[in-house]
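Asks: Every number in this note's numbering is 168 more than the matching position in the sequence shown, counting from 1.
One or more of the hints may lead you astray.
[Stated by the list, open to error] Straight-line C-alpha distance at most 16 Å; calculated EDC-like pairs for lysine to aspartate or glutamate:
hint: 1; residue 1: K238; residue 2: E283
hint: 2; residue 1: K396; residue 2: E283
hint: 3; residue 1: K238; residue 2: D203
Keep in mind the hints are simulated off the structure, nothing from the lab.
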Amino acid sequence: MSQNHTIATSKRSRPVRVAEAIKDWVVEKGLQPGDRLPGETELIKRFGMSKGTIREAMRLLQAQGLVVTKTGPGGGSFVGEVSAERAYALLANYFYFKQISINDIYQIRILIEPELAASLAGRLTEDQLGELEAIMASYDAPAKDATEERKQHVASLKFHARLAEFGENALLGFFVDFMTQILADLTVYQRLYTEPNDELWRQGYRHQSNLISALRSGDCESARRIMKEHMLMARRLMQDQEAVVMKRFVSE
């Protein structure tokens, strides 16, 4: 963006238009997280706007996590990187006003998690596989009561979240992680088991054990099939417990 660039008019407020122009300028210059942004005086001159408009635009960008302001020696405004936690919270809060069901979540999980598993077969290190096995160690025996069963279910979601983090497809990994967080943080049960369901535990644990074996051996088709079977079983578990997505806002 040249210094005499004019900001296109629209129905949006001036601070919003300036914030968008600053983002365009960051992209144009190829700036990276941590790179310094021009000072206030230069921004006023560059965009031809008042001090108040520039400051409000910068506050908007800070709220989005795209600008970080530091004080003291060497301080100023810098390009920020939106954290996964902020993105999860914003997306979850967007869905607060939607009617999202457990079936909606599992419809997506059944489609994408088998593909994630297949893409990772033969690509994980022994350390990464060891991490997955360590997570499974926290639920390597059937639950003694409904409360422990709930805890084991939340722990098993960490298996899927960690697996997603190992993938090279950042978009795929983000959505898998996002859905596991919803299931862990926003899921409530209308009916808990009076007695833990040992058979469902055995099936789930066997699925994950077999999945690790397929990942270790590089068997893509087996990894895909096992994960799909696991997702179908998990959906049945949630249906049996009459699970629903709780309505509340999420903070970072």
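Asks: Now tell me if each hint is right for this structure.
Replies: Right, here's what the structure says about each hint:
1. With a CA separation close to 42 Å, the supplied pair K238 and E283 exceeds the 16 Å bound.
2. At most 16 Å may separate the alpha-carbon atoms for a hinted pair to count; K396 and E283 meet this at roughly 9 Å.
3. Restraint check for K238 and D203: the C-alpha separation of about 12 Å stays at or below 16 Å, so the hint holds.
In this structure, the one hint that does not hold is number 1.
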